[in-house]
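For the protein sequence lines, the chains are Z and F, in the order given. Everything in the first sequence is counted per UniProt numbering, starting at 1 for the first residue and increasing by one. Everything in the second sequence is counted per UniProt numbering, starting at 1 for the first residue and increasing by one.
Be a bit skeptical, because a hint or two may be false.
Said to hold, decoys possible - Derived DEER-like restraints, expressed as beta-carbon distance ranges:
no.	chain 1	residue 1	chain 2	residue 2	range
1	Z	K37	F	H69	50 to 60 Å
2	Z	L297	F	K65	33 to 43 Å
3	F	L45	Z	D527	50 to 60 Å
4	Z	R348	F	K91	44 to 54 Å
5	F	T240	Z	D395	38 to 48 Å
If you are wondering where the hints come from, they were derived from the structure by calculation, not from laboratory data. Each residue gets a CB set at the ideal place from its N, CA and C atoms; glycine is no exception.
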Amino acid sequence: MECETPIEGEDKSAIKTDATVPQSRQNLLKWNGWGYKDSFFYRADDVAAFSGNRYPLSGHHLPGFFQWAKDVLNVDLSITVPKKEALREDEVPKPIINEDFMNNIKEAKIMHSLAPDDRVFRAHGHTVREIHTLRTSMFPRIPDIVLWPKNHDEVVKVVSLANRLNVVIIPFGGGTNVTGALECPEHEQRCIASLDTSQMNRILWIDEENLLCRCEAGIIGQDLERSLQKKGFTVGHEPDSIEFSSLGGWVATRASGMKKSIYGNIEDLLVHVTLVTSLGVIQRGYQVPRVSSGPDLHELIIGSEGLLGVITEVSLKIRPLPECQKHGSLVFPDFDSGVLCLREVARRRLKPASIRLMDNDQFKFGHALKVPGGYFGSFKETMQKLYLTKLKGFDLNKLSVATLLFEGTRKEVNDLEKEINEIAAKFNGIPAGEENGKRGYLLTFVIAYIRDFGMDYHNLAESFETSVPWSKVSSLCRNVKLCIQRECAARNIKYYYITCRVTQSYDAGACIYFYLSFNYASLTLTDPMAIYEELEAKARDEILRSGGSISHHHGVGKIRQKWMPHSVSPLGLTTLQAIKKHLDPKDIFACGNLIPPTHSKL
Amino acid sequence: MTNMRLAMGDQHHPNSTSFQDGGANHQYRSVLKTRKTTSDLMWSLQPWQPSHTFRMGSPSLLPSKLVPHVLSSPRVNNVIDQLSEENRCSKKILEKQAAAMLEEMAHNQKMCSIRLFGICLAKLGKLLYRDIYVNRDGIEQVRSLIPHGPILLLPSHRSYADFLLMSVISFHYHLPMPVIAAGMDFMNMKMMGELMRQAGAFFIRRSFGSDRLYKTIFTEYVQQLIMQGDHPLEFFLEGTRSRSGKALPPKLGLLSTVLELYLKGIVNDIFVVPVHISYDRTLEESLYAYELLGIPKPPESTRGLMKALSKLQEPHGDIHVTFCPHFSVREFFSSWIDCSPHIMSPHFISSVAEQTVMAELATKVLQSQLKHGVLPIFPLVSAVVLYKEAMDLKCLTERVSYLTQLAAWQGYHITTCSEAELERVLALHSNILEVKDGRLSLVKEREPLEPASLSRSRGHVLLQSTVQKAIPSIRLQHYANQCLHIFLDPCLLILIANCNPVPKDVLREEYRWLRMLLSLEFPTMLEFLDDEFKRCVDFVFQRDLLFRDENGIYHASASPLLNFAMAAFRPFLTTFALVCHMLAMRSMFQWMAESFSGHISESSPCASMGHVYIEAEKLGEEDCLETLPLTALATSV
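Start from the sequences and build out the full structure, keeping to the hints where you can.
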């Protein structure tokens with residue numbers, strides 16, 4: 001096999017970034033849950049607290065949280081779910097070794113490991129089922145070997161070897177997917193190699209003239225931003241997983257960032273991408289802003305979920321850091337009024353960096369996470385509460401809250417804020433201060449830690465999302481909540497929590513993000529996980545029936561394949577399958593994502 | 001039988017009666033009891049809070065605010081744009097038209113008017129009826145559904161009295177007041193129209209086929225009523241009062257408009273509550289008989305109403321209102337419909353729903369009404385008399401008991417068949433049936449019809465003698481028809497086997513064919529015909545109505561039901577035969593041509609009824625005369 005070299009090979013100008021996450025992920029990250037080892041919720045007497053010092057909530061007590069958990073989810077703190085304290089290596093499946101491949105890897109001096117913990121760490125993403133499996137049992141099939149190629153050339157070598165020796169490759173970036181995308185197909189008999197891109201984390205060049213940068217695909221979001229910001233630039237791509245997710249992963253899952261209104265989603269940011277397939281490298285022959293050369297192959301690579309090859313290098317647009325950043329918030333009498341306001345903001349093409357609308361349940365949840373004397377002083381808080389409930393006649397059980405982030409010059413930010421406040425007033429919304437806005441975004445980064453905490457107390461929780469035209473936002477949100485209400489009642493589930501927020505605005509519609517949780521402590525369930533998945537599947541059916549999509553940015557992976565024929569039409573699916581077959585005739589990228597098994601055998 | 005006894009005099013529950021069907025126990029409570037002992041005024045002025053209702057999102061709008069909301073909707077704007085372009089007329093004019101249509105349509109429900117109505121209806125109810133019974137479990141069912149989604153109340157329609165009955169019951173039980181779809185006829189009544197509007201009626205034209213603006217306004221208004229969520233929507237699937245006493249084939253327009261909300265994914269679910277209302281004695285029994293002979297009904301007017309009310313001094317017995325078990329549209333559709341074609345377009349673009357599925361759903365409602373409703377005893381008495389099963393009291397009691405038992409075995413609810421009860425209903429209907437020395441006979445129509453009325457009859461000449469002979473039988477048929485559905489399936493099987501002993505698969509095929517032929521006469525879900533057949537074959541077998549010989553051939557037993565089957569269902573078949581016969585006659589071709597040439601309207605079946613009478617007299621088929629089923633004609637045409 002002939003290999004083209006990528007545009008930029010090994011060279012001196014590349015910027016080495018300090019990788020936050022070490023090669024041995026287990027040294028920094030939890031083996032059985034989300035995030036840093038030192039950051040977790042715990043019970044300090046009868047008050048919830050958050051450990052560590054990495055987040056605004058770290059080191060604080062949260063006096064309102066347990067009351068909320070008891071009221072809403074009937075959480076009983078006296079009974080915890082037994083879980084494994086540490087990874088038991090004897091439970092880890094024995095690796096299937098391809099001797100030829102091993103020898104060649106050693107010969108090529110590619111970093112690798114057969115250690116059980118290395119392999120388990122790369123066997124999963126962060127769906128609630130995967131975390132549940134880690135805490136209670138073990139995956140039936142995990143990667144047999146972990147490889148750390150150092151650059152594009154080494155990836156080419158590895159893929160070529162794998163193709164020749166019939167070894168399966170599953171690319172690994174930050175491991176933060178929530179679609180089961182990293183789970184190994186249970187019945188795969190070949191050796192499975194996890195290709196960890198984390199050592200490919202250099203910024204190859206920054207082109208200030210054209211506002212571009214090229215990076216290796218393994219770079220983690222926070223490292224990329226930190227390095228660029230040192231030089232006065234930003235990519236502006238901020239998915240909720242930015243602390244741990246990788247550039248290659250963003251491309252492979254078609255990711256979306258919080259500030260996409262200004263900077264764009266990954267498909268808008270990406271200018272060039274290099275993909276190593278089992279037959280060779282696919283890439284454009286130039287780095288240009290736009291090209292007309294038939295159907296855009298970038299569109300094939302973005303969202304390919306590891307099915308077609310390994311993404312090794314990516315060129316992204318960058319922007320100078322904004323002069324000013326400011327949060328804001330608005331309170332509306334109810335959710336539908338808030339939706340109308342967001343719709344109007346989008347209609348006028350006003351572009352705050354972010355505008356989100358939380359429903360009442362999420363607003364209350366946010367309050368439950370309050371730190372005493374923290375974010376806003378109690379005096380101010382009482383005044384605000386009084387104003388909202390008494391003076392404006394707002395019902396605390398109905399109101400919704402929009403949080404805003406503005407970026408730009410000071411004047412731009414102030415003008416925009418003023419204009420948006422005026423629109424809000426038309427829909428009976430009133431400004432509720434900067435601190436409330438900040439608080440809204442805080443939840444984003446701690447929610448996964450809370451999910452893990454809840455699992456200790458018989459609560460299973462997950463998020464799912466969709467995109468939908470503006471006119472169907474309200475009905476979709478309502479329908480999904482009613483659907484969950486009905487399905488829980490049918491299963492005798494008394495305590496559950498379903499909440500949603502509008503997280504992204506587009507010209508033609510919005511992205512809706514749901515949290516779903518239920519308490520199974522009082523239920524005699526043999527498999528609560530299966531019940532959770534049933535509920536989520538019912539919710540997805542209802543989403544589709546209400547005019548929403550299969551996913552906005554999480555992707556399909558393995559857990560949403562059921563809806564792919566409906567999503568892209570059966571012919572669309574076989575087209576995808578034909579492309580896969582052409583690029584990967586031996587099916588060495590056998591992650592099993594996107595295409596339902598019944599289709600992939602066609 | 002014991003479990004079917006009405007516990008009317010029961011000491012423990014003096015106001016309640018109960019029926020058991022399988023596991024379900026329907027408790028019927030009296031609505032009028034307390035009206036008779038306490039002040040109507042105080043009742044109507046009671047502090048009134050409806051049960052917690054379903055909330056779609058934003059707070060609901062007052063009726064007056066709903067009108068501009070509908071007029072400014074994308075759907076209405078869209079059609080106004082289209083029409084102004086197509087017809088080259090100004091939008092202003094169309095907007096004015098739209099506003100006028102909506103003004104004509106919209107309800108203006110006000111609690112004070114409902115209270116006023118409450119007093120009047122309570123007084124009137126006590127004047128006309130002995131009591132009104134409602135199944136309490138049905139009321140509680142509706143109450144428990146209300147917070148979960150929009151509700152359709154779909155009552156059977158046998159009388160004008162149906163109209164505000166639901167509102168009185170809702171008021172009595174503190175359920176949210178329904179909004180009611182009414183025909184335009186009522187709107188034109190002086191004062192009454194406005195009063196009904198204030199009681200929650202909204203008015204729709206009987207047909208608006210090509211008027212796109214009207215259709216759009218109608219769709220948006222009805223869907224908004226549902227979306228507002230604070231009132232159940234009540235309408236009559238049958239579209240009009242059934243003159244014959246049988247269920248009419250359902251009209252699907254309003255139903256489809258409502259269900260589009262589900263198909264397009266706007267609402268999560270819609271709950272359908274069929275309601276059955278049965279009357280011991282129908283207010284309009286005589287009017288119906290004349291209408292069926294082809295003499296048109298007088299137009300609705302307030303004066304006419306007052307006049308009619310002043311005449312109504314005779315007692316009319318009891319009313320039984322049954323809120324049948326609800327079903328969810330979501331569950332019903334899940335096995336029938338793929339919603340995906342409906343969700344591709346925006347909400348305001350109407351999508352054509354599968355009419356066959358709508359028809360199945362409507363049929364399910366009608367069947368449920370018939371299955372769960374309470375049938376008074378008089379229809380059985382009428383059938384026995386009409387089909388000349390018995391003409392003396394002793395024999396009558398025996399025959400009615402037998403039929404009651406057959407009905408009970410099949411799970412139908414019929415008021416008790418005691419001697420006292422028989423005596424009561426015979427007294428109630430003394431205008432139809434006379435008892436002299438233990439013998440029963442039909443009361444002759446006493447007042448001859450004015451010649452003016454005779455000449456008003458449409459399409460044919462009615463003879464005074466025809467009227468006098470036919471009216472009493474048609475009146476009686478109105479009641480007998482109310483029980484025919486109960487015996488339809490067993491009787492058809494008996495008739496088939498009696499005509500020609502057949503193996504089971506032929507029996508099934510012939511049964512299917514007959515049910516399909518009669519599908520406009522009796523609500524039929526084609527999908528479930530085979531299940532019906534199985535159920536029914538088992539039933540007639542268990543009851544020895546049919547037997548199988550050693551060759552697997554089915555024969556009809558010499559059962560008491562055989563005669564009944566012949567008398568009750570042969571007329572339907574005779575009608576079809578007759579129509580075919582007439583089609584072959586030259587003189588009829590002209591009439592057929594007229595009918596086909598464009599106006600098979602409401603009047604034409606009536607007109608044809610007269611024709612058939614005349615023709616039948618010529619043919620000497622007088623036996624059939626009294627029992628010719630009206631709608632069978634329409635079907636066969």
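Taking the hints in turn, this is what the structure says about them:
no.: 1; hint: Z/K37 / F/H69: 50 to 60 Å; result: 56 Å, holds
no.: 2; hint: Z/L297 / F/K65: 33 to 43 Å; result: 54 Å, violated
no.: 3; hint: F/L45 / Z/D527: 50 to 60 Å; result: 57 Å, holds
no.: 4; hint: Z/R348 / F/K91: 44 to 54 Å; result: 25 Å, violated
no.: 5; hint: F/T240 / Z/D395: 38 to 48 Å; result: 45 Å, holds
Violated hints, listed in ascending order, are 2, 4; each of the other numbered hints is respected by the structure.
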